[in-house]
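Required output: the full structure, derived from the provided sequences and hints.
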Amino acid sequence: MIALLILILAAVLLLVLTLLRRRSPAVFRKIEAYERLNHAIGLSVEGGTRLHISLGRGNLFTARGGSALAALAMLRRLTERASLSDQQPIVTSGDASLALLSQDTLQSGYRAARAEDQYRLTAGRLTGLTPFAFAAGTLPVIRDEDVSANIVIGELGAEAALLTDASESKTADLIAASDNLTAQAILYAASQQPLIGEELFAAGAYLGAGASHEASLQTQDILRWLVILAILSGAVLKFLGVNF
Amino acid sequence: MLRVLTAALAIASGVIVLLGYFLRQTFPILEQLRLLLTDWAIVIAGAAVLVGILNLVSVQMEKLRSRQPGGLYGALLVFALVITFGLGLVLGTDHIFLRTAMEAVIVPVEASLLAILAITLVYASIRLLRRRTDLMSVIFLAAFLIFLVASMPKPFGPIPFVDQLILDVMATLSTSGARGLLIGVALGTLLTALRVLFGIDRPYGGN
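Same order as they appear, the protein sequences are chains H and F. For the first sequence, our numbering begins at 1 and goes up steadily by one. For the second sequence, our numbering begins at 1 and goes up steadily by one.
Don't read these hints as lab results, they were simulated from the structure. All C-beta atoms in this analysis are idealised placements derived from N, C-alpha and C, irrespective of residue type, glycine included.
Between beta-carbon pairs, the in silico distance windows are:
id, chain 1, residue 1, chain 2, residue 2, range
1, H, 48, F, 24, 49 to 59 Å
2, F, 176, H, 29, 22 to 32 Å
3, H, 29, F, 146, 22 to 32 Å
4, H, 11, F, 38, 18 to 28 Å
5, F, 176, H, 221, 13 to 23 Å
6, H, 29, F, 88, 46 to 56 Å
7, H, 16, F, 16, 20 to 30 Å
Rough simulated footprint, nothing fancy, chain F against chain H, three-plus residues with beta-carbon under 8 Å:
id, stretch
8, 1 to 12
9, 68 to 81
Quick look at the structure:
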């Protein structure tokens with residue numbers, strides 16, 4: 001029952017805030033990694049280099065699918081912006097359904113940028129179905145395909161270290177985030193500008209994906225404050241000896 | 001028209017699955033529909049694996065055709081894939097040959113990658129302060145070293161009280177931090193799912 005109430009509250013907040021944000025865009029705090037990402041897109045377009053976007057191996061049938069969907073929303077925006085580049089972005093995934101959705105999303109991005117003729121089916125790739133096969137299949141993309149920035153966002157495990165190491169050895173920009181705690185620890189140590197926790201889900205808002213993404217971020221903030229309030233209230237009540 | 005139809009189908013399926021989860025006792029029909037839709041999705045995901053493998057083959061063949069670096073490795077991959085797939089179909093996945101292929105090729109290769117991973121992680125930790133010199137990096141590295149020292153076996157045995165105290169404090173801090181991160185991730189996942197459910201994000205190519 002509580003879960004359903006939270007869901008309804010989140011839905012109502014999202015809709016109301018989306019309407020409000022259409023009238024006045026929100027101002028967010030600076031996140032270095034997203035500043036760097038915007039810079040990397042610009043450099044890729046100007047320098048005629050390639051962006052590599054890795055969506056991880058989040059299975060859409062599990063709770064990990066959330067990060068994959070957030071990564072797809074980011075991919076849509078990135079494709080639209082990078083469609084001017086001479087070299088089209090390459091997207092790698094470690095899950096077959098996610099690879100298919102990445103191809104669809106790439107095509108939508110090119111269509112929105114009125115450059116659908118540039119879209120190639122092989123730009124969205126399945127590189128492996130197990131964690132290490134995924135990493136082993138993604139490494140040649142980072143190494144051999146004239147990539148100037150690697151954007152690794154989604155569900156990953158310890159294999160994230162292999163991707164970050166390959167990116168560093170090619171002195172390419174790296175923007176990385178994961179919903180997996182092991183990967184987060186690794187990415188914190190191995191990337192220049194790490195994204196922590198829910199910052200992964202802010203990609204759309206920071207890439208200018210529209211009012212709904214800004215509203216989504218604000219709803220997240222409101223719900224987080226409510227969770228904090230609930231935890232503190234619970235602690236105080238417990239301290240006062242009130243059982244619930 | 002097709003885009004509107006795909007969006008309508010996706011949204012309707014999402015709403016039915018969600019309502020089936022929350023209202024399964026009040027409306028058992030919704031639960032049945034939820035299970036049916038989930039079964040269909042699993043079948044489609046199974047077919048997606050085959051499509052994904054075809055995509056893998058076409059990418060590798062294109063590499064070979066256009067003489068890109070690593071093209072020969074791609075050819076080797078496709079050759080091994082065809083042989084293994086064919087034998088799997090003919091002999092069955094439990095056959096001794098396929099099990100040997102698994103144990104003699106895939107397991108050692110993954111173990112080697114795991115070994116490289118261990119070295120990569122140590123190297124990344126060493127380079128952390130060269131990459132970013134800020135307070136959080138110092139705390140991260142210090143916590144990592146203290147935890148490592150407390151948990152590693154020592155020639156003279158564990159240090160009384162100190163090792164256990166460090167491990168307890170670390171466990172409390174890391175559990176609290178992990179829960180905080182997971183709550184944030186859960187909220188992000190919820191909002192992302194709602195955006196898909198409302199048709200704002202359409203990862204199925206509808207926008």
